[in-house]
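Undergrad: Kindly produce the complete structure, drawing on both the sequences and the hints.
First to last, the protein sequences are chains W and A. Be aware that the first sequence starts at 1, since it is given in full-length UniProt numbering, and climbs by one per residue. Be aware that the second sequence starts at 1, since it is given in full-length UniProt numbering, and climbs by one per residue.
Calculated directly from the structure, the hints in this document are not laboratory data. Built from N, CA and C at the ideal position, the CB exists for glycine as well. Be aware that a few hints might be false.
[Stated by the list, open to error] Derived coverage of chain A by chain W (criterion: at least 3 residues anywhere in the stretch with Cβ under 8 Å from a Cβ of chain W; other residues may be distant):
| id | stretch |
| --- | --- |
| 1 | 174–188 |
| 2 | 192–204 |
| 3 | 245–256 |
[As the list claims (entries may be wrong)] Beyond 12 Å from chain A on every Cβ pair, some chain W residues (computed):
| id | residue |
| --- | --- |
| 4 | Asp15 |
| 5 | Gln72 |
| 6 | Met167 |
| 7 | Ile188 |
| 8 | Asn189 |
| 9 | Leu216 |
So you can see what is in the structure, the chains are spelled out below.
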Amino acid sequence: MLDAAAIAELANRVDGAQSNRHTIAKLTDDYPGMTVDDGYAVQDECLRRWQARGRALIGYKAGLTSRAKMIQMGVDVPSFGLLMRDTCDAEGGVVPTAGLIHPRVEGEIAYVMARDLSGPAVSIDQVHAATDFIQPAIEILDSRFEKFRFDLPSVVADNGSSARFVMGGRMRRPNDVDPATIGIVLEINGEAAALACSGAVLGHPARAVQMLVAWLHERGRILPAGSVVLTGAATEAMPIAKGDIVCARFQDMGSINVRID
Amino acid sequence: MTVLDAAAIARHGDELYEALVAGATVPNLRDRVPGITIVDAYHIQARMIGRRVAAGETVVGKKIGVTSRAVQNAIGVFEPDFGILTSAMAYDDGATVPIEALIQPKAEAEIAFVLKRDLKGPGVTAADVLAATDHVRACFEIVDSRITNWDIRIQDTVADNASCGVYALGREKIDPRDVDLALAGMWAERNGEQVAVGVGAAVQGSPANAVAWLANTLGRLDMPFLAGEVILSGALGPMFPVGEGDHIAMRIGGIGDCSLTFGRRTADA
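TA: Have a look at this one:
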């Protein structure tokens, strides 16, 4: 475990890179002993600073939720990141990416919670009983690390590469659709750029919520009512550039359209 | 455009039929038959199917292959192909397929169409297909190749009946009015582990587009496309290998599910 001074120093680096939009070397270059838990400690320190500046935490995002990414990173649980209210953009609008380093877009299912959820092992039924609705979402990722060179402790500290997100389309009760078989087509400038099924996420996107609640429980926390959970990329993350039109279509859940600026 | 005479077509069609019956493979055709065309390959396919029909099988439908961008890129051809389904290829949902019936099988999850009216191209649109469709169903197609090591280009797979092996239809029959085919999501698992995911749009933008392509292609060839035929419209996601003792299952959003088990080899060798 790194000491508080090291965590604070790493939070300076990550917060500085995110605020000032510049790249940094992966954190383990200077702190080879850094663990995934250290990464979460950096995330927590960043959150403390962001909240002190008036930014609001509105939920969580799961990352590394596909089998391919888990194998690539050598993990068997997702990573979790923080969703800040000011990174949410409106559907039908513009997503500002000025200064983002190498933005990519991916499509996924968002859960919005109606009730608090807590405990070490909630079931999918309990997740759904506590869910207000699910909705299509797209996430804009932007790793702050040079040349995409990163490892798990570094990417966790960098808040799971979170940059912007958009929710939209049709809200559904999770029991009115099969959340594991929602087909997703991610189009960029009218071309199908990525094709997926929501079940690519851990077999069922509610598993990301289950695992998030267990992860929060280990840290003595709960998933509060009203939280948004982005359950993780169902599609591959596709590069985007200023001027691109992104459309994500979801079976029986409508679509999200945005312009990248 | 053909390079093969009737005797050569018969010889290659017979060779593939005999490989099928023996559970054996033959070297690819393209290296043995310089300049072989896709039309030659369809003639060889017709001969191979003719042998199956002569042996007592009946034609029950068609399969469309090479529908995804990934497979088209892999074999360097940018339109689909088709093969013929016979009665001997059909298994029930949940059935056990004898592994001896297959050589080097792989599974694909697809949407099957069953027509209520004949379709006659050219000029058939996706809307015509939907209007003529009685129902759609989830379908596992078990593709297989009589060509050694799946070393296929378009001529090899077309001649070998579009690499069709066997298939099973899910039990649920869905009116196409009740489902968004292009956005139907699919997951498939083998022995409880997820091995493929996909979506209807992977098939030519929508599976109905692939069926329209088939109707128009058959129209040009003056081949029938009849009410009641089963049409396998193409893979929603990547194919995955299957072997003896495997259990595979899949679900397609808004359409249904399907499963198969593969038998174990009997110890007679």
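Undergrad: So, for every hint listed, does it hold in this structure?
TA: Verification of the hints:
no.: 1; hint: 174–188; result: holds (count 7)
no.: 2; hint: 192–204; result: holds (count 7)
no.: 3; hint: 245–256; result: holds (count 4)
no.: 4; hint: Asp15; result: 36 Å, holds
no.: 5; hint: Gln72; result: 16 Å, holds
no.: 6; hint: Met167; result: 18 Å, holds
no.: 7; hint: Ile188; result: 14 Å, holds
no.: 8; hint: Asn189; result: 16 Å, holds
no.: 9; hint: Leu216; result: 25 Å, holds
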